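Asker: One-letter residues, chain by chain:
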Amino acid sequence: MSLLDVRDLQVSFGRSRTEAVRGVSFSLAAGQRLGVIGESGSGKTVTALAVMGLLPEYAHVAGSVRLGGSEIVGLDESGLARLRGNTVSMVFQEPMTALDPTMRVGRQVAEVLRLHQGAESGPARQRVIAMLDEVGLDDPERVADAFPHQLSGGQRQRAILAMALINSPDLVICDEPTTALDVTVQALVLAKLDEVLDASGAACLFISHDLAVVSQVCDQVLVMLDGRIVESGTVDRLFTAPEHPYTRGLVATAQLDRAEPGQRLPTVDDFYAGAPHG
Amino acid sequence: MAEPRADHLYRAEGLTRRYRNGGRDVLALDAVDLSLDRGHRLGIVGESGSGKSTLVRLLAGLDHPSAGRVWFEGTEITDLPEKRLGFLRASVQMVFQDPRSSLNPRMRVSDIITEPLRSRLVRRQLTDRVDQQRRLAEVLAAVDLPADAGGRYPHEFSGGQRQRIAIARALAPDPEVLIADEPVSALDVSVRAQVLNLLTDLVAARGLTLIVVSHDLMVVRHLCDQLAVMRQGRIIERGATSSVYADPQTGYTRALLEAVPRIRAEGR
Chain E
0 MSLLDVRDLQ VSFGRSRTEA VRGVSFSLAA GQRLGVIGES GSGKTVTALA
50 VMGLLPEYAH VAGSVRLGGS EIVGLDESGL ARLRGNTVSM VFQEPMTALD
100 PTMRVGRQVA EVLRLHQGAE SGPARQRVIA MLDEVGLDDP ERVADAFPHQ
150 LSGGQRQRAI LAMALINSPD LVICDEPTTA LDVTVQALVL AKLDEVLDAS
200 GAACLFISHD LAVVSQVCDQ VLVMLDGRIV ESGTVDRLFT APEHPYTRGL
250 VATAQLDRAE PGQRLPTVDD FYAGAPHG
Chain A
0 MAEPRADHLY RAEGLTRRYR NGGRDVLALD AVDLSLDRGH RLGIVGESGS
50 GKSTLVRLLA GLDHPSAGRV WFEGTEITDL PEKRLGFLRA SVQMVFQDPR
100 SSLNPRMRVS DIITEPLRSR LVRRQLTDRV DQQRRLAEVL AAVDLPADAG
150 GRYPHEFSGG QRQRIAIARA LAPDPEVLIA DEPVSALDVS VRAQVLNLLT
200 DLVAARGLTL IVVSHDLMVV RHLCDQLAVM RQGRIIERGA TSSVYADPQT
250 GYTRALLEAV PRIRAEGR
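If you read the protein sequences in the order shown, they are chains E and A. For the first sequence, numbering that gives the first Met the number 0 begins at 0 and goes up steadily by one. For the second sequence, numbering that gives the first Met the number 0 begins at 0 and goes up steadily by one.
Facing chain E, from chain A, some residues (calculated, C-beta under 8 Å):
{"id": "1", "residue": "Val188"}
{"id": "2", "residue": "Asp215"}
{"id": "3", "residue": "Arg220"}
{"id": "4", "residue": "Ala254"}
{"id": "5", "residue": "Ala258"}
{"id": "6", "residue": "Arg263"}
Derived contacts from chain A toward chain E, CB cut-off under 7 Å, selection only:
{"id": "7", "residue": "Ser47"}
{"id": "8", "residue": "Asp187"}
{"id": "9", "residue": "Gln193"}
{"id": "10", "residue": "His214"}
{"id": "11", "residue": "His221"}
{"id": "12", "residue": "Val259"}
{"id": "13", "residue": "Pro260"}
{"id": "14", "residue": "Arg261"}
Derived from the structure by calculation, the hints contain no laboratory data. As the structure is a prediction and not an experimental result, all values here were calculated from the model. Note that CB positions come from ideal geometry on N, CA and C, so glycine has one too.
Just chain E, same shape as in the assembly (with noise of 0.2 Å):
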């Protein structure tokens, strides 16, 4: 059985129905990951914060999404609130918006712990201090006393991470975790989540615009374009031949490094003509 299996979801706003997710439908092995591309407003994230169950109530799901045998969709708070962070957990893009400001890193980091597992603040400590150590923070007792501004970006979002994995999840959800950062940063974030998902076997949903970043990540990506995915197969494939034109135009334009500096770039418009404008 697949740890998570998403079926035909459907994902509309308000009361005019915009439709963000039209009828999705993927599935994930223990221990896999899947990078899910798209530009702004494809639905990537959208289908994300389903499977999260962090959808606002003015969103209308249709479809089904198992995670670990368990119904999502129409799950109630209590019962997503287990799941969360246990089971599936999640980094942002922003990590000054995702940690508390007012609160000490290693504080937030053990609250994620204490909150599921119940765990006395001592030994928490320790726990999150390792953790801490484990996504590459040096000096972690000095990362864990700090406030998140006394931290560089880099350092917030490796914090981040140390809170998505404390509790060991059978799923992490990136969406976009290093478009925020420097090159450099980005680099250093991207090796530290190959390595501690390897050494955890956490699965891993990665979602972002940046197909060198996501393949740097994963094995398995799918394209997402209005809604629907028109794309799947493995990064190999996939980036090596492409079949849908728009991947191929996404492709193309993603290669800046082999274009000819002041030439012409490919854009996707080249390959596609019913791209969403950017």
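Starting from the structure of chain E, add chain A where the hints point.
Answerer: Only chain A this time, still in chain E's reference frame:
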């Protein structure tokens, strides 16, 4: 010290900027020397906090240095008061990273784009009276936005289109220098290529001098013929873009180059 020759478009000597942050002195820019000739495209790369944005803010006259001097077209702008900076405001325009925050959400696109033309300081520098409507139509066409875009508001546009609006605003006073601070880093990869193509075309068609700040070396490699690598408030490497890429002289530049994410299709 000799006065700079007039053929340098920009010249800076010993440019230094200190900030006070939480009772601590932060040296954002540490005695930077720089010269840039007309028609070149200079890329400034480095990590967050390396001083690259501070440097271009000083070049654009948006901030004053703690020490050092800056000349633009042979005129020292270091400590000029705002009312005497009109010539700089008309000649040097900026495009910022995030068009969500650099465009006023309550203004129509037409008012946003023509705003620089209504500035009294800039207006005095323009040789002819500018027909605002004609200039608006011209710059909208230059950035490939529909002619009716002027009547709409920024939120009605996508991220890439908003960055085109910001570029159109920068072009409105017909500047000589365009300074772009991370112009594509808030954009989707798929939109990035379109905006980079647009910048390349505009620079060539209008003979602009371009200064691009970015943490992404591939963006700078594509747009710029000259490169300055910054670290901890200093320029640590400077040269032709192609030679710095082919043969980086510092470990830091090499690290920046290696960090650029590339598609890894051979499998993990």
